[in-house]
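> From just these sequences and the hints, can you work out the full model?
Spelled out from the first residue to the last, the chains are:
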Amino acid sequence: MAFNVSAVSGNFTIADASSVTLDSPNSGSYAHNQSITISWTKSNFTENIDLYWTAGTTFATTNNILVNQSGSSFSWNVPSSLSGTSIYIWVRKTSDSTVTDRSNSSISITSASFTQTPTDTANLSEDTPTSSTTRWKFVETASDSANISESTPTSSTKPWKYVVGDDANISESTPTADTSHQWKFQEEPGDNANISEDTPTSALKLWKHIVPDTANLSEDSLGESQKLWKHIIPDTANVSEDSISTAQKLWKHIISETIAITEEEPGDLYLSEPGDFSAFTEDFSAQVLKGLELHKFDPSGTESFGILRKSGWLKASDLNNNSILRDISLRYSSEDPITVNIYADGDEVNPVFTKTAPSQTGEELFNKSYRVGRRAKYFMVELLTGATANYNTTIASLEVKVDG
Amino acid sequence: MSHGGITVTSPSTGATWYKDVSYTISWSVSGGLITWNNFGIYLLKNGATEATIAYPVSGASRSYSYTPSNSLDTASDYQIQIVGNYDEVGN
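Protein chains in written order, with my numbering: chain A, 1 to 404; chain B, 1001 to 1091.
When the alpha-carbon atoms are kept at most 30 Å apart in a straight line, the in silico DSS-like pairs for lysine-lysine are as follows:
#	chain 1	residue 1	chain 2	residue 2
1	B	Lys1019	B	Lys1045
2	A	Lys368	A	Lys401
3	A	Lys377	A	Lys355
4	A	Lys42	B	Lys1045
5	A	Lys42	B	Lys1019
6	A	Lys355	A	Lys401
Source of the hints: derived by calculation from the structure; they are not laboratory data.
What follows is the structure, encoded as structure tokens:
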């Protein structure tokens, strides 16, 4: 005979299934020692979780990252021993392999590398080389357009270009087949500064330098080994080396202004004033010597002079004194009479003394003396000859005796 | 004459079983010279049979693997009922 018997458990709960979701990482590439934030979301359970990694999509607890972890995230430093391109990260309800989740896609873990991203717009890059020759470009900042670049080399010679700031250029143009280098430098186009090497016709180097404004420093073009240089300072001054046909160097210096070279020793006196005695040569000078004698210095005694000559104001002694003009002597020869006028104390119109020395021809010089007998603080001697015959007038000496 | 007895040992009172997760229902038996022919396993809700989990189960069995269906309501008044059929030896 069969019997039935039953038993019933106590009440228990049936609830929605536990689940856990790995929120990150779900893909990506990571380097050794890089920190990966692993995060997860638990559902319908309160227990902790375990973290693992696998080298495929099959769950295993061989490689645990962390076990019995509370919370919802963990920062994992990728160990240097781990490398691969099919790595999956797993989260598991602690000790319950029925509740797991993994990265949606594999992650890649490679050796550590360092990449520095420029903080500004600066770039240092090497162009893609097309051969074994290295080409570099350097852009300091995009905003100032600075460039250092090496253009495409066509041979073993390296041509470089440098562009500073805006329009400045240092460039080496494409070298030709020979070994000569051609350089150009343009500092700023706005001020016309240039340093350039002209196209060489041989191995020689020709350079030009043009300083801003009108200054010039240039080497003239020449077909041999001599170098000719010119330098022009920004104003009108010039230093130049003339063209020469030998290795000697000739230089010229031209000062910006035309300055008459008329310097004399202090105390010298002149028988002429600039402008009045254009026919005077620079040898026709006169001065008061030994107190008070006026001489014409003319060793040969052969100079000619024009219609009118003035000594300029002469002072025999201190202006507080009225010196006495005693005599005036003239040693001369002339086809025309020579009139001697003496003016005193600033009056250039009314002479205080006038005498006319007669004409005296012939090779011998003629002496003529006149007594003056006038007082004057200062005085001036004037010589007059005829307008047409002065060419053969010779003044060998003119002497004024003065008592200071 | 011997009488058979059954005690449900799992789930325990107050336990939580999640849907779609496999659990083990277990029981023990008592009695003298009796032979267990089979068992029936039922899910009760609020005292009424909600579903037959398994029948017949071999009389030699003392446990059964069960996965709560995802279609079940979430509730805390579920029970497991074990019904055993046995023969008295010698009768």
